[in-house]
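Asks: Sequence:
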Amino acid sequence: MVARAAGQIMALDAASVVSAVTVPTLLIWGSEDDLVPLSLGRQLHASLSGSYLLVLKGSNHFSMFDQPSAFNNALLAFLEGDDMGELYAQDPTRPLQNAE
995 MVARAAGQIM ALDAASVVSA VTVPTLLIWG SEDDLVPLSL GRQLHASLSG
1045 SYLLVLKGSN HFSMFDQPSA FNNALLAFLE GDDMGELYAQ DPTRPLQNAE
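Numbering (my numbering) for the sequence shown: 995 to 1094.
Read the hints as simulated data drawn from the structure, not as lab findings.
Where is the CB? At the ideal position from N, CA and C, for every residue including glycine.
Errors might be hidden in some of the hints.
Unchecked claim - Pairwise CB distance ranges (calculated):
| id | residue 1 | residue 2 | range |
| --- | --- | --- | --- |
| 1 | LYS1051 | PRO1018 | 37 to 45 angstroms |
| 2 | LEU1029 | PRO1062 | 13 to 21 angstroms |
| 3 | ALA1014 | PRO1062 | 17 to 25 angstroms |
| 4 | SER1013 | SER1063 | 18 to 26 angstroms |
| 5 | ARG998 | GLY1044 | 30 to 38 angstroms |
| 6 | ASP1007 | ASP1076 | 27 to 35 angstroms |
From just these sequences and the hints, can you work out the full model?
Replies: Here is the structure:
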């Protein structure tokens, strides 16, 4: 069942849907994702204006379980409007600082 779902994802042409996305988007991808390859994440990132791609090294498709701290820190920072630039690209496990 998982292999069939992955095949359907890979075959899906979502260009019209992706081009309609106009809000900032955070993509969190595991570098070792064997269900949906990182190459697809890179393509999605390239086609989504204003998107951020965070690759969690050593993580698979379920990066939220493999690396929950890194995943949650990045997600919370994104939702709070923090700068998603080099800080999280270099060290996604860095704890968030409360801006007061």
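Asks: So, for every hint listed, does it hold in this structure?
Replies: Verification of the hints:
Taking 37 to 45 angstroms as the suggested C-beta distance range, the pair LYS1051 and PRO1018 does not conform, at roughly 23 angstroms. Between LEU1029 and PRO1062 the beta carbon distance is about 18 angstroms. The supplied range of 13 to 21 angstroms therefore holds. Range check, ALA1014 to PRO1062: Cβ separation about 31 angstroms, and the 17 to 25 angstroms hint is violated. At about 34 angstroms, the CB distance of SER1013 to SER1063 disagrees with the hint of 18 to 26 angstroms.
Taking the beta carbon of each, ARG998 and GLY1044 are about 32 angstroms apart, inside 30 to 38 angstroms as hinted. Roughly 33 angstroms separates the CB atoms of ASP1007 and ASP1076, a value that falls within the hinted 27 to 35 angstroms.
Violation of the numbered hints given earlier is confined to hints 1, 3, 4; the remaining hints are satisfied by the structure.
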